[in-house]
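Q: Chain residues, written in single-letter form:
Protein chains: 2
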Amino acid sequence: MPDRDAHLRWKELSRRSLAASGLFDLVEAQRVSSNGRRGDFWILEARDWVNVVPVIRDPDGTRRFLMVRQYRHGADLITTEFPAGLIERGEDPSAAAARELEEETGHRAGRLSLIGELRPNPAFMTNRCFTFLAEDLVRASALSLDELEVLEPLTLTADEVDRQMGRGELVNAMTVAALFAYHRHLAADR
Amino acid sequence: MPDRDAHLRWKELSRRSLAASGLFDLVEAQRVSSNGRRGDFWILEARDWVNVVPVIRDPDGTRRFLMVRQYRHGADLITTEFPAGLIERGEDPSAAAARELEEETGHRAGRLSLIGELRPNPAFMTNRCFTFLAEDLVRASALSLDELEVLEPLTLTADEVDRQMGRGELVNAMTVAALFAYHRHLAADR
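Those protein sequence lines, which keep their order, are chains A and B. Under this note's numbering, the first residue of the first sequence is numbered 61, with each subsequent residue one higher. Under this note's numbering, the first residue of the second sequence is numbered 61, with each subsequent residue one higher.
Watch out, some of these pointers could steer you wrong.
Same chains, same names: a pair is fine if it fits in one copy or spans any two.
Unchecked claim - Think about it this way: if two alpha-carbon atoms lie no more than 20 Å apart in a straight line, the pair counts; the simulated SDA-like pairs of lysine to any residue are:
1. Lys71 x Leu137
2. Lys71 x Leu208
3. Lys71 x Leu214
4. Lys71 x Ser173
5. Lys71 x Glu105
6. Lys71 x Glu212
7. Lys71 x Ile138
8. Lys71 x Gly96
9. Lys71 x Asp136
10. Lys71 x Arg244
11. Lys71 x Arg129
12. Lys71 x Glu209
13. Lys71 x Asp206
14. Lys71 x Asp196
15. Lys71 x Phe84
16. Lys71 x Pro119
17. Lys71 x Asp100
18. Lys71 x Glu207
19. Lys71 x Gln224
Hints were generated in silico from the structure; no laboratory data involved.
Kindly produce the complete structure, drawing on both the sequences and the hints.
A: The structure is reproduced here in structure tokens:
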């Protein structure tokens, strides 16, 4: 079958590593377009991520989300986000979601459902982000944070999150995308 | 006023450049937490971005978005996204939105409204992303693409975008966040 998008694609000619850490590798790729233009592109090879949307239903029907507040080094800001993290090498995305949920909030989920899969930034990042809905939560343990994580869990009602999303501390685009996946999932359930 | 979040913040001890291009600088920052833990963090200093949500209203009331299809080097994928791009140094975000809209779609907007401001990835990126609603569109010029841009504009109805967002080619998390900002803006208008 002919590739009707061949005019849009670029082919890689060469690449070199600019920097590598345990978490990311930054490479510069030389690529050529279908009409012969050449460019050097920075590509960040990053591990896949998980977002977890942990929902608690109060006896009166109020829905609340478990979330985490933490200092974010890139933006130099304290943000409130859904629990999230990197998927370890060889780890199943749902196992990573269960692990991050427990590490960051001390809760286990009776049910974990994949409700979204996105590209955090396809322009220069290679990775995917999976969003899981976590339900039937039980308090299982104390927090178990990575050595370099300092965060505090909190709950916000779904109404508060809907109202505040995109403002104040709720400004991480990946958290917005996770909320979008949650609303899409709710609408499909109706 | 005491900082009630002092226990969450990290202080920078030193930083070194790992790599620099015209668009990004990658630095490694050594930082220390309030309880004395030290870590090295990758921080990507990136220019701010704009997303533009260009809306056309057909005579029958149907709403359509101007969007762009392009090859994305990071994910090695063809995606469909809202027009978007980097803000030039010293450029006003709304001027960048007008410029990207015209370059990528050949349209000018009679009205540009800021409807959202997010952090693409506060964990390791320094930048902001502004989302503008573009209305009263007029076809003004041919496309005017950067030398290394190869893309094709298209229109999709708002219903199609609502249905497809998060699937197929509509998987850029920043495009999802822009659609979220658009729906939030519509709801506030009601």
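Q: Within a copy, between copies, both or neither: where do Lys71 and Leu214 come within 20 Å Cα-Cα?
A: Intra 47 Å, inter 24 Å, cutoff 20 Å: neither.
Q: Between Lys71 and Glu105, at a C-alpha cutoff of 20 Å, which is it: within one copy, between copies, both, or neither?
A: Classified as within; 17 Å inside a copy, 27 Å across copies.
Q: How would you label the pair Lys71, Pro119 (within, between, both, or neither) given a Cα cut-off of 20 Å?
A: neither (57 Å within a copy, 43 Å between copies)
Q: Within a copy, between copies, both or neither: where do Lys71 and Arg129 come within 20 Å Cα-Cα?
A: between (42 Å within a copy, 17 Å between copies)
Q: At most 20 Å between C-alpha atoms: does Lys71 with Gln224 qualify within a copy, between copies, both, or neither?
A: neither (43 Å within a copy, 28 Å between copies)
Q: Classify it for me, Lys71 with Asp100: is the Cα-Cα distance of at most 20 Å met within a copy, between copies, both or neither?
A: Answer is within: at 12 Å inside a copy they meet the 20 Å cutoff, but 35 Å across does not.
Q: Should Lys71 paired with Phe84 be assigned to within, between, both, or neither, using CA atoms and 20 Å as the limit?
A: neither (23 Å within a copy, 23 Å between copies)
Q: Should Lys71 paired with Leu137 be assigned to within, between, both, or neither, using CA atoms and 20 Å as the limit?
A: Between. Shortest inter-copy distance 12 Å satisfies the 20 Å Cα cut-off; intra-copy 38 Å does not.
Q: Tell me, please, which holds for Lys71 and Ser173 at an alpha-carbon limit of 20 Å: within, between, both or neither?
A: neither (37 Å within a copy, 38 Å between copies)
Q: Have a look at Lys71 and Asp206 and pick one of within, between, both or neither, based on CA distance no larger than 20 Å.
A: between (39 Å within a copy, 18 Å between copies)
Q: Classify it for me, Lys71 with Asp136: is the Cα-Cα distance of at most 20 Å met within a copy, between copies, both or neither?
A: between (37 Å within a copy, 10 Å between copies)
Q: How would you label the pair Lys71, Leu208 (within, between, both, or neither) given a Cα cut-off of 20 Å?
A: The answer is between: 13 Å across copies meets 20 Å, while 39 Å in one copy does not.
Comparing the model with each numbered hint stated earlier shows that hints 3, 4, 10, 14, 15, 16 and 19 do not hold.
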